[in-house]
Amino acid sequence: MSETVERPVVTVATADVEMAGVHPDVDVVAMRRKPRAWRGALLFVLGLVVAGVAVAAIRDNGWVQLVVILVGLGIWYAGAAELGRVRFGPGFDLLSWLCATWLVVLVLAAIFAPLLPFGESEDLTKSILAPANATPDLLSDYPLGTNNFGLDLLARVVYGARASLVVSIGAVVLGMVVGGAIGVVAGYYRRAVDAVIGIGTNSLLAVPPLILLIALATVLDPTLYNIAFALSLLALPSMIRMARANTMAFSQREFVLASKSMGASSARVMLREIVPNVVLPLASYAMVMVSVLIVAEASLSFLGLGVQAPSPSWGNMIAEGEGDAFKEHPHIVLVPGTVLFLTVFSFNLLGEKARKRFDSRAAKL
Amino acid sequence: MALRTVLKRLGELVLVLLIVSFGTFMLISLMPGDPAVSILGEGHSPAEYAAVRADLGLNDPLFERYLHWLGEALSGNLGTSIVPPYVDVADRIMGALPVSVELAVLGMGMALLFSLPLAMISAHRAGGRLDRLISAGTFGVLSVPSFLAGLLIIMVFANQLGWFPRAEWSRLSEGLGQNLYHAFLPALTIALAETAMFTRVLRNDLIGTLNEDFILAAKAKGMGTMHILFSDALRPSSFSLVTLMGISLGRLIGSTIIVEYLFALPGMGSLIIGAADNGDFVMVQGAVLVIAVIYVVVNALIDISYGYLDPRIRRAHV
Amino acid sequence: MTNAPALLEEQAAASPSGPLLVVDELRTTIHTPRGDLRAVDGVSLTLDRGEMLGIVGESGSGKSVLGRTIMGLHTTGPTTTIQGRVAFDGLDIQQLEPARLRELWGDRIGMVFQDPMTALNPVKKIGVHLTETLRKHRGLSRAEARDRALELLAQVGIPDPRRRIGQFPHEMSGGMRQRVVIAMALANEPDLLIADEPTTALDVTVQRQILDLLDRLQDELGMAVILISHNLGVVAGRADRVAVMYAGRVVETAEAASLFRAPHHPYAEALLDAIPRLELPPHLRLDAIDGAPPNMLRPPPGCRFAPRCRYAQDDCVATMPTLAATPGVPDHRFACFHPVHLDAPEPAAPTADTAGGR
Chain A
1 MSETVERPVV TVATADVEMA GVHPDVDVVA MRRKPRAWRG ALLFVLGLVV
51 AGVAVAAIRD NGWVQLVVIL VGLGIWYAGA AELGRVRFGP GFDLLSWLCA
101 TWLVVLVLAA IFAPLLPFGE SEDLTKSILA PANATPDLLS DYPLGTNNFG
151 LDLLARVVYG ARASLVVSIG AVVLGMVVGG AIGVVAGYYR RAVDAVIGIG
201 TNSLLAVPPL ILLIALATVL DPTLYNIAFA LSLLALPSMI RMARANTMAF
251 SQREFVLASK SMGASSARVM LREIVPNVVL PLASYAMVMV SVLIVAEASL
301 SFLGLGVQAP SPSWGNMIAE GEGDAFKEHP HIVLVPGTVL FLTVFSFNLL
351 GEKARKRFDS RAAKL
Chain B
1 MALRTVLKRL GELVLVLLIV SFGTFMLISL MPGDPAVSIL GEGHSPAEYA
51 AVRADLGLND PLFERYLHWL GEALSGNLGT SIVPPYVDVA DRIMGALPVS
101 VELAVLGMGM ALLFSLPLAM ISAHRAGGRL DRLISAGTFG VLSVPSFLAG
151 LLIIMVFANQ LGWFPRAEWS RLSEGLGQNL YHAFLPALTI ALAETAMFTR
201 VLRNDLIGTL NEDFILAAKA KGMGTMHILF SDALRPSSFS LVTLMGISLG
251 RLIGSTIIVE YLFALPGMGS LIIGAADNGD FVMVQGAVLV IAVIYVVVNA
301 LIDISYGYLD PRIRRAHV
Chain C
1 MTNAPALLEE QAAASPSGPL LVVDELRTTI HTPRGDLRAV DGVSLTLDRG
51 EMLGIVGESG SGKSVLGRTI MGLHTTGPTT TIQGRVAFDG LDIQQLEPAR
101 LRELWGDRIG MVFQDPMTAL NPVKKIGVHL TETLRKHRGL SRAEARDRAL
151 ELLAQVGIPD PRRRIGQFPH EMSGGMRQRV VIAMALANEP DLLIADEPTT
201 ALDVTVQRQI LDLLDRLQDE LGMAVILISH NLGVVAGRAD RVAVMYAGRV
251 VETAEAASLF RAPHHPYAEA LLDAIPRLEL PPHLRLDAID GAPPNMLRPP
301 PGCRFAPRCR YAQDDCVATM PTLAATPGVP DHRFACFHPV HLDAPEPAAP
351 TADTAGGR
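The listed protein sequences derive, respectively, from chains A, B and C.
For what it's worth, the numbering used here labels the leading residue of the first sequence as 1, then goes sequentially.
For what it's worth, the numbering used here labels the leading residue of the second sequence as 1, then goes sequentially.
For what it's worth, the numbering used here labels the leading residue of the third sequence as 1, then goes sequentially.
Bear in mind the hints are in silico, worked out from the structure with no lab data behind them.
Glycine is no exception: its CB is placed at the ideal position from the N, C-alpha and C atoms.
The reader is advised that the hints may include incorrect statements.
[What the hints assert, rightly or not] Among the chain A residues that face chain B by a calculated CB cut under 10 Å, a handful are:
{"id": "1", "residue": "Ser140"}
{"id": "2", "residue": "Leu205"}
{"id": "3", "residue": "Ile214"}
{"id": "4", "residue": "Leu216"}
{"id": "5", "residue": "Ala217"}
{"id": "6", "residue": "Val219"}
{"id": "7", "residue": "Met248"}
{"id": "8", "residue": "Gln252"}
{"id": "9", "residue": "Phe255"}
{"id": "10", "residue": "Ala298"}
{"id": "11", "residue": "Ser311"}
{"id": "12", "residue": "Ala319"}
{"id": "13", "residue": "Asn348"}
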C-alpha cells in the first residue's frame with residue numbers, strides 16, 4: 001500500500017570538482033622537463049668521470065679533491081635520476097634507493113667485517129708501525145685515513161657500525177616486543193590495567209631521554225648489553241603508546257568481535273587478531289626509532305659513557321677530534337661524522353616512507 | 001578548566017613524581033657491587049665499609065630509606081658528593097641551573113624566531129622551489145646529531161673564525177651584553193634541531209589551515225596575502241606549535257646538556273656528565289631528580305595553558 | 001542578448017545602462033594528476049544591475065567553479081587554465097593584476113560561502129571579521145568600523161548586536177553565522193553578490209529566513225545577485241532569471257517565470273518534476289533522475305545529458321547541442337535537439353550552429 005519514498009534528484013558526480021580536493025592555490029603540480037635517456041646517460045658518465053679524475057689525479061689537496069668529487073657525484077646523481085625516470089616512470093625516487101643501498105652495504109660490511117681486508121681497528125699494539133693521522137686517500141692502504149694511533153678509520157667505521165647497529169636494532173626489537181606486548185594488553189583490557197600502565201609510561205617519559213641514559217650509565221658497566229637495555233627504555237614508551245592506540249582502534253572492529261563471540265580466550269584474541277594488525281605500524285615506527293637510538297648511542301659514546309675506547313663507535317671516534325685535533329686533522333671527525341649522518345639520514349628517509357604507507361595515523365613530521 | 005580535571009591532573013602529577021623519585025632513588029641498587037667499595041675504594045677494612053654503609057643508611061629497610069631520602073630532598077638537602085671536593089649537591093645544582101635554563105630559553109626563543117618565517121614561506125608556496133629547499137634542509141639538519149653539529153659549529157665559529165668564545169661564561173649578574181655574547185653560539189646550536197622540527201610541523205599545519213574555507217573567505221574580502229598569513233592562518237596553527245614546544249622539551253633538555261658540555265659552560269650539562277664520568281651517583285641522583293621535577297611541572301603547565309589559549313576549548317567547558 | 005561577442009564591443013567602456021556582468025564562452029580547466037578536468041566548459045551569460053540570476057545544477061555541474069571563476073578566485077596558473085572572458089563593469093577580470101582584484105573583492109564584488117562554520121575564522125571574533133574588511137576598503141577608523149559593524153549586524157537581523165560582536169563563531173547558531181557571513185560580504189555595499197549555496201548547510205526553517213534576508217538586502221542595496229544552488233526550490237520565486245547547468249555547460253536559461261511554467265530542456269524538466277510538492281498525494285514515488293553525470297575528465301562528444309535523458313535520440317549522442325531560442329521567444333534559450341513543452345506542434349529543429357564536438 002505505501003510505496004517507498006526515495007530521495008529526489010541530487011546524485012554525486014564521478015569526477016566531482018568540488019570534491020576533487022584540488023586547491024589550485026596550494027597544490028602545485030610539479031612540472032619537470034620530460035626525462036630523456038641520452039641526457040641521463042651523458043650526465044651519468046660525466047659525473048663518474050669527474051669524480052674518478054678527482055680521486056686519481058688530485059691527491060695532494062684534500063679539500064679540493066673533496067669538492068670536485070662532490071660535484072662529480074652531484075652530476076652523476078642528476079644523470080642517474082633522469083635515467084631512472086626514463087626507465088621506471090616519474091615516480092622513481094633515486095634518493096630512497098641510494099639510502100636503501102647504503103644501509104644494505106653498511107649492514108653487510110658490519111656482518112662480514114672480520115673477513116674484510118681492513119687495517120687494524122682496535123689493537124694499538126698492532127698499529128704501531130702504521131702512519132698516524134693519515135689523510136683519506138681512496139687509492140692507498142688506508143682509504144679513509146688513520147687516527148692519532150694509526151688505527152685504520154675505514155676499519156673503525158665498519159666495526160663502529162657493528163656496535164651501533166647491533167645495539168640500536170637490538171634495543172628497538174626489545175622495545176618493540178616488550179612495549180608492543182604491554183601496549184596491546186593496555187589497549188585491550190583498558191580501565192584499571194590501562195591506567196596503571198599509563199602512569200608507568202608517563203613516569204618513564206618524565207625523565208628526559210639523555211638524562212635517563214646518563215643516569216643509567218653512571219651505575220651500570222658500559223657493556224653492549226647494558227647499553228642496549230638502556231636504549232630500549234627510550235623506545236619503550238612510544239612503542240607502548242603506539243601499540244595501545246592501534247589496539248584500541250582495532251578492538252572496535254568486527255573481526256575481533258567475531259573472534260570473541262566464537263569463544264576465543266582473551267589471549268588468543270590478542271595474539272591472533274590484534275597483534276598481526278599492530279605489527280605493521282609498529283615496525284614502520286621502529287625504523288624511525290632506530291635512527292633515534294643510533295644518535296642516542298653515538299651521543300653516549302661521544303660523552304665517554306657508552307662504548308669505551310679503543311673499541312670503535314662512531315660517537316667515540318668523533319670525540320677523538322675534540323680540541324685542536326680537528327684543526328690539524330679534520331678527517332678524524334668528518335669521516336665518522338659523515339658516515340653517521342648518512343646512516344641516520346637513510347633510516348629517517350626510509351622510515352618516513354614506511355610510516356606514510358603503513359600507518360595512516362602517523363603525524364606528518 | 002573544570003576543577004575536577006585540574007585535580008585529577010594534579011593527582012597524576014604527584015603520582016608520577018613519586019614514581020620518578022623512587023626510581024631515581026633506586027638507581028644505586030642497579031650498581032653492581034658494593035656502593036661502599038665504590039666510595040672508599042678497594043683495600044679497606046670491613047669495619048670501614050660497614051661504617052660507610054651505615055652512613056648511607058643502607059642497612060635500613062628500603063621504604064624507610066626512601067622516605068628519609070625524599071624528606072631530605074623536599075627540604076632542600078640532596079646530599080653530598082662522594083668524590084672530591086665533596087661539595088653540597090644542592091648548592092652545586094642551584095649554581096648550575098640558571099645557566100642551563102637561560103640557554104634552553106634562549107635556544108627555544110631563537111628556534112621560534114627562525115621557524116616562523118621559514119614555515120610561512122614554505123606554506124605560502126607549498127610545493128614550490130623554496131618550499132622543497134627548506135624541506136630538504138630541515139630534514140638534513142634533523143639527521144645531524146646535536147653533538148656533531150655543535151662540534152662543527154665550535155670548530156668553525158669559535159676556533160677557526162674566532163667570532164665567539166668557548167669555555168667562558170659571563171653570568172647575567174655581570175652584565176647582559178657580555179652574557180648574551182657568551183650565550184649566543186651555544187643557544188644557536190641548541191636552536192638548530194628545534195628550528196628544523198618546528199618549521200616542519202608549522203609548515204604542515206599552516207598548509208592545512210590555508211586550505212580552510214575561512215582563508216578563501218578572507219581572500220574573497222580582498223584581504224592581502226601578508227594579512228591573511230599573519231592574521232588568519234597563523235593563530236589557528238600556532239596552537240600546534242605550543243603543543244610541540246611541550247613535546248620538544250625533552251629533546252631540548254638533552255641538547256642543552258650536550259651543548260653545555262661541548263662549550264665547557266658551568267651548567268647542568270657539565271655537572272651531570274662530569275658526575276657520571278666519576279661515578280658520583282649522589283650528584284647524579286640529585287640532578288636527575290631536579291631535572292625530572294622541572295620537566296614534569298613545565299609539561300603540566302603547558303597542558304593547562306593550552307586549554308586557555310584556544311578559545312574553542314576554553315569556551316567549550318562553559 | 002543573442003550574440004555575446006558583439007555585446008562586449010558595445011560595453012568596452014563601462015556604461016551604467018549596460019549589463020553589469022558579461023561572461024563569454026568561459027572555460028575553466030583544472031589540471032589534475034589524472035587528467036584535465038573541464039569544470040566549466042563554455043558558459044556565456046549576462047547580468048544586469050540589480051538583477052538576481054539563479055544558477056542551478058547538481059554537484060559536479062561546475063556551478064561553484066563558475067562562481068569563483070567569475071569572481072576571479074580561479075585564474076590561469078599552474079593548475080588551472082581559463083579561457084573566455086569575464087567582464088565586470090567593463091573590467092576584464094581574468095586579466096587584472098592580483099592587487100587590483102583584491103581591491104574589487106569585498107568592495108564591489110562580495111561572496112557568500114556555503115558553510116558558515118568554516119567560512120568564519122574560529123579564533124577570530126565576529127566583530128573583527130567585519131571591521132577588517134571595512135577598514136581595508138573604506139579606511140574607517142576603529143571606532144567608525146565598529147559602529148558600522150553594529151549597523152551591519154542589525155541589518156542582517158542579528159538581535160543584540162553589541163553582545164554578539166564580541167563573540168566567537170562557535171558561540172552562534174548556524175543561521176546566525178550565515179547572517180554574519182552575509183554581513184561580511186555586504187559590508188562595503190558591493191555591486192555584485194555571488195552567493196554559493198548559501199543555505200545548503202542550514203536547517204530548512206532557517207533556509208527560508210536567509211533567502212528572505214538576501215531578497216530584502218538586494219532590494220535595499222540595489223545590487224546584482226548570482227544565487228547558486230542545487231535546489232530549484234531555492235531560486236523559485238526569488239530569481240529574475242535562471243540558468244540551469246549540467247556537466248559544465250548551461251543547458252537552459254530563461255526568465256524564472258518562463259522556466260518554471262515551461263522548461264524546454266529535459267534535464268530542467270526532470271529537476272522541476274523532482275521537487276516534492278505539498279499538493280501531490282502522499283506516499284508518491286518521487287521522480288529521481290537515474291544515472292550519474294559524465295566523467296568530466298573525458299566527457300562524451302554529444303549531449304552530456306543524453307545517457308540519462310528519456311527523450312534521447314541518435315543525433316543527441318553524436319553532436320553537442322548549443323544554446324538557442326525558439327523564434328519569437330529570444331529570452332528563453334536551451335541546448336537541446338528535442339526540447340519538451342514547446343507550444344509548437346512539431347519538435348524544434350536542431351540549431352544551425354556547428355557543434356563543437358569534443
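Under the constraints set out in the numbered hints, which ones does this structure not fulfil? 1, 7, 8, 9, 11
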